[in-house]
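Residue-level listing of the chains:
Protein chains: 4
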Amino acid sequence: MSLDVDTQSLVGIRRDLHEHPEPGWCEFRTTAVIAERLRRLGFEVHVGPDAVELTGEERFPGEETIDRRAERAIEEGVDPDLVDRLRAGGTGVVGVLERGDGPVVGLRTDIDALDIHEAEDEDHRPAREGFRSEHAGESHACGHDGHAAIGLGVAETVAADESFDGTLKLLFQPGEEGWGGGRAMAASGHLDDVDSLLAVHLGLDLPTGTVVTGADFLTVSGFEVEFSGTSAHSAAAPHEGKNALLAASTAVQNLYAIPRHSDGETRINVGTLEAGTASNVVPGSATMSVESRGRTDELCAYVEDRMESALRGAAESHGVDVSITKRGTTISADHDPAVAGRIADAIADVEGVTDVRTHLAVPGSEDACYLIERVREHGGDGTYLLVGADLASGHHTPRFDFDENALGIAVRTLSRALAAEAAG
Amino acid sequence: MSLDVDTQSLVGIRRDLHEHPEPGWCEFRTTAVIAERLRRLGFEVHVGPDAVELTGEERFPGEETIDRRAERAIEEGVDPDLVDRLRAGGTGVVGVLERGDGPVVGLRTDIDALDIHEAEDEDHRPAREGFRSEHAGESHACGHDGHAAIGLGVAETVAADESFDGTLKLLFQPGEEGWGGGRAMAASGHLDDVDSLLAVHLGLDLPTGTVVTGADFLTVSGFEVEFSGTSAHSAAAPHEGKNALLAASTAVQNLYAIPRHSDGETRINVGTLEAGTASNVVPGSATMSVESRGRTDELCAYVEDRMESALRGAAESHGVDVSITKRGTTISADHDPAVAGRIADAIADVEGVTDVRTHLAVPGSEDACYLIERVREHGGDGTYLLVGADLASGHHTPRFDFDENALGIAVRTLSRALAAEAAG
Amino acid sequence: MSLDVDTQSLVGIRRDLHEHPEPGWCEFRTTAVIAERLRRLGFEVHVGPDAVELTGEERFPGEETIDRRAERAIEEGVDPDLVDRLRAGGTGVVGVLERGDGPVVGLRTDIDALDIHEAEDEDHRPAREGFRSEHAGESHACGHDGHAAIGLGVAETVAADESFDGTLKLLFQPGEEGWGGGRAMAASGHLDDVDSLLAVHLGLDLPTGTVVTGADFLTVSGFEVEFSGTSAHSAAAPHEGKNALLAASTAVQNLYAIPRHSDGETRINVGTLEAGTASNVVPGSATMSVESRGRTDELCAYVEDRMESALRGAAESHGVDVSITKRGTTISADHDPAVAGRIADAIADVEGVTDVRTHLAVPGSEDACYLIERVREHGGDGTYLLVGADLASGHHTPRFDFDENALGIAVRTLSRALAAEAAG
Amino acid sequence: MSLDVDTQSLVGIRRDLHEHPEPGWCEFRTTAVIAERLRRLGFEVHVGPDAVELTGEERFPGEETIDRRAERAIEEGVDPDLVDRLRAGGTGVVGVLERGDGPVVGLRTDIDALDIHEAEDEDHRPAREGFRSEHAGESHACGHDGHAAIGLGVAETVAADESFDGTLKLLFQPGEEGWGGGRAMAASGHLDDVDSLLAVHLGLDLPTGTVVTGADFLTVSGFEVEFSGTSAHSAAAPHEGKNALLAASTAVQNLYAIPRHSDGETRINVGTLEAGTASNVVPGSATMSVESRGRTDELCAYVEDRMESALRGAAESHGVDVSITKRGTTISADHDPAVAGRIADAIADVEGVTDVRTHLAVPGSEDACYLIERVREHGGDGTYLLVGADLASGHHTPRFDFDENALGIAVRTLSRALAAEAAG
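Protein chains in written order, with my numbering: chain A, 1 to 424; chain B, 425 to 848; chain C, 849 to 1272; chain D, 1273 to 1696.
Some chain D residues close to chain B (C-beta under 7 Å, calculated; not the full set): (1) HIS1505; (2) LEU1517; (3) ARG1565.
Label pairs and their calculated CB-CB ranges: (4) B:THR489 with D:ASP1465: 50 to 56 Å; (5) C:GLU982 with A:GLY137: 29 to 35 Å; (6) D:GLU1325 with A:ASP123: 52 to 58 Å; (7) A:PRO398 with D:GLU1336: 58 to 64 Å; (8) C:THR1135 with A:ASP123: 25 to 31 Å; (9) B:SER433 with D:SER1595: 45 to 51 Å.
Computed footprint of chain B on chain A; a stretch qualifies when at least three of its residues, placed anywhere within it, have a C-beta under 8 Å from a C-beta of chain B: (10) 238–250; (11) 258–272; (12) 304–315.
Derived by calculation from the structure, the hints in this document are not laboratory data. For each residue, glycine too, the CB sits at the ideal point set by N, CA and C.
Construct the complete structure from the given sequences, taking the supplied hints into account.
This is the structure in structure tokens:
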């Protein structure tokens, strides 16, 4: 089995995507680039509405934002008709390569960027070496540029591997960062005949060379919260105001004070808050986005339950109304130890892999869980792999950057694992 | 009319009381000292249960505290039988002197001390000059020692004033500092035949020489608040706790954030908070005492209304219960401008009085209002006088002390005013 | 002296401005309309950069907002060249009418609208009667449309009053609502020869028919506050975050808890708060706008001092940095009782005026104080008048509307007062 | 080897201690009862100052509390001379039994009760069956009555076990509940020749029949925090106050909001808060007890670091001073997997033991860690065992009670383990 990976080419793909980051449901150029490459490698390619099926539970950027990014993609050379289709029915790509009668094996990667402005100074390698994001306020600060490059690297490797016996499905999922892309791809039907599904993430504080074959994630639920009070002139009639910002501030403090749970990890975050209209007006409204997480679905529900008390109590404290809208929940599919162990065995001697672990509880969330769940419902199984990569700065920070050597390691590891799974 | 006041004697009385401060409903020695002096001056004297009638709305110190202070009074020479009577039916004194057929005029002073430990260093005059409180943790930090001395000085002056035509009632009220003494004395019946009632306070940021003849006060309501949650081991089961201290802290912050009202002054205070049992236990209960005030009864009610929202919201925020017990309300009886003007005229040339004002809105509360209200209900009227006194430090602070020259000024002013009211 | 006011015309002007509200420094159409009318009445007219002098302490809307409103004004028929001049040098109008050798008397009105979306339902008269704001999100919710109409009504009345002996200066000030327009107009020099300056406000909880001739305002200071912490992934590395939103929430609660002051009214408001970027990121920054006020400059400084402690303490609590930028202070020029009394006498029998008061302490702020101050520095004097108007809803609320009968009363009152001042 | 345990006798001892609970450093009767029994079994007995050496880092109850409990112990029949010795030099017992030349093996149990008032109703078995605490406000709500009984049961079993070859040291440690007893017993020197030390805890959510042979604990640090501000009359001069309670409330909210750490468990608790003196006084002081914990010493230090910021920031927010006094730290000695495994093997077939686990991370803290650490410093080793017991209610709650069948299981398990360790 050949595992020769053209690292230079991987780096090239990654840097091109890095320069053109596109957040959730706006991966127009990204979708086009991936589809084009897969086609050239002989894959049967499904894009956008043929790769995902919107379920109604997705979250989308504002109309205006999507418009702007769509125009940008067209300016960057994407076919306007394709952009139109993706806008209407969703982004993302599924590539299929039939190579014999063996099992159907799948690899899911995610491809969306973040609304984070990338660091501009010379200390930041992408800036120094000229592949910094060209899109102000957006960047690949979670490494999905690398994930997409890995998917394409695996495509190339497996396409060239004559011994591969089975069907390979590569799923390039859009909108992983809280946009509900996982659910939409799970609903597409492409996973229903998959026997073994792998998913992958780079970095996550694991050094280059380390591979985890069975990662578990936190369940996460997202909420939009709106406090509605009464505006009033802050000097002339402060007593007529019902201060929505005071309610929100009370809520923020009490949300972060939700007690830890001795059964396992929990998380709470108020990611954004916006309130008020003018400095001399008692704020009559305040909106915030909140996330609860737990190591298990139960722990996440515990946080959610306490959250609701804190929100309702804050509203009552200041005589305002509160509405709580659940954006959705990303479940935490446990890995199957058998699959994790099998893959650990298969990749033990992959070049560059220095440390293999079969389990890690990751303090993050992943909607790949919906895809794995779907596969299980249809009789298959799957696991989530972590491929270590030395980082310049943590995920979701403006200076995020990773060791590109991890790209080759990931492609070799996944190609080997997929081949092994295909071989049964 | 003679207004010769024996200042030395006034200072002596004041300092003796200052050394033996007794907080509300524990004025055993104070009652005995006052009664004794009045008797010697020929007054008909009513003490304790004959001076006040408990209404059931009073607040009392703990049993143990009363015991300790009763024993102390006996050790200080008070007749044990008298102490027993006062314990059972209340403290305080009413002295009556009939001197002709003229109207019944009254003077109300208050006599209780505070639970404040008096400053001990030489910079504090009472310490330096040897009349500091002998009762650790208790002191006359509001000047009621001076008020009692003034009442006795007026007794002496009027008793010696042959031209006085009328009946003088001196009401030495117990428990003014939030204990409900005003209500109890109002209920006694002693005020029902009073035609004109004066009440007096020293200091209040007015310099020696200033007299205000019509002071208005804030309405005040007091509350005991109890949050009841669930204790739990803070490390082993923090999630099982319902944290009453977190609820109380949330409440404290939101209570002080009650909006100002553009119709007039408001106040809120959380005077005490006690919570929890041990450092490694999530606090299951918390109690606090809260006071709301307003320039008018309506403004006080506004604060109370917001207070209730803040308390209930805080409880809901943390899943605990809250009980709110109203200790009582002290109303804000408006002064009668006619009486204030009449008295201002009468005292204009009193020795030592350099500035007479007919009105001041005082940012404090006074249960003398209940006595004035009672007099009005029976066809009489009254007003509240402030007698300026330079202060070493604000009321209710450990270093409170006042210019004793104000004692003579007050006795002369009040004797003159009472004589004028008696003269019709 | 003729005081015939064409009420129908006043209402027409007011409603036209009401339909085209323009917030601070964007009063392009408003400036044009006022200038045009004054010119027709024979006034010497100074617009924009000739009416104000920017001092560098102004606050301006965002570039994009100004652009949009400038384009809108042009679409509404304003000369593009004029719009360009106003954008560059400021908005506003000064009209001068010389009518003899008498003193120079001035009237200052303000003309800017607010960023408040006007109510749309039929219960709201402007909606019902068809003169609701055509500018979404903007409205004359403080009655400056009425103020501008009053200024133009006075222009017409005085122009027609042959007995008027003196020079009339009408100052239509831009940007009163926290934008610093008062300072800029004071700096223009137009006030330096004014002997007597009047300013006016409608409504303020006074019923139609009431006029106050000496209003005092609160000193107000405005601040932009920015908390800068450290973003981090809220699930993977919450401990690496320094939460700027938690700091801001702590600050909000402690700001509103700044103690009341017994020397007089104080106010604090956090008008806006914006924090965070995404629901799964610990917020690394938060900005808010804060206002402190006091009945005197000292009381405002007291609030400011406590504010700073609360802000710095909140930052330290969460290990973040805070920067506090003072936007400016609007002073509280005390009225001159002599001027107030003189004018009260002059207007006693004006038609429609049923109640004249010489003093009111208004719980609001006004940058007219800068103009009065400037006049005083040059030897003149002035006062601030309030003209009562029944309101449908409080100032700065979406349903604000006033009794238009007040327009005629105001024009008659001010014309009479200006004539009297001109007559010496 | 005989493991016959007289369960009836164990239950008797436990219930006697349960009826006479004595919190930390007040275990006068408990010490006497244990010493007496050990002497009868032939142990060499060291009590009080001979069993512990005070290090200066202990925390003690108030003088008055100790007095009261000492008198009570004497009334309950304890020799007054012994009580005097224990008051002066500390409580606790060490019993030594030499039975051959084998290794020195030790068992540490703890014996103090808690300041928790035991439930009184019939649903609570101790009340129903007549062995409820006779000491109001104090109870064995953590099961140390059982621990002491287990120690005495082991004493009896080993004394009767002729095959036991070695020296047995039984350490009955005082003041485990935050009083620093572990440190004091470690300093005594009794552990320096111990080769293998076991410690034990009942319950902790493990069902009867389960035994854990290697428990790890959280590091915990305790702090006394005092905020010192300025009192002031809440109505007359609120602006002169520096509100220590507002500072404390701010601190409470921000302490509980200390971010979770992704490296492992952390805990924070504010166990008690006391503030203020009277309802009409701005609270000038507030004291609270705070505990930080972490799975490792580093994690505990992280919490402590954040705690300090929150406390200092809260003080600055309200212009008050804060003093932070560290009461002490209880370290988290990791168990030695070798010892845990060895003991698991030894006890596999003990009667009543149905489930043996070699490791559990307990979300609590234990100063037994100081004793194990001391043993390690001198070349020995040790481990902490958990013996499951069905509970009626959680540890540290008024309704705590445990399945007494666990007593026999514990005595058999520990006797077997000690014998095995002695056998090498």
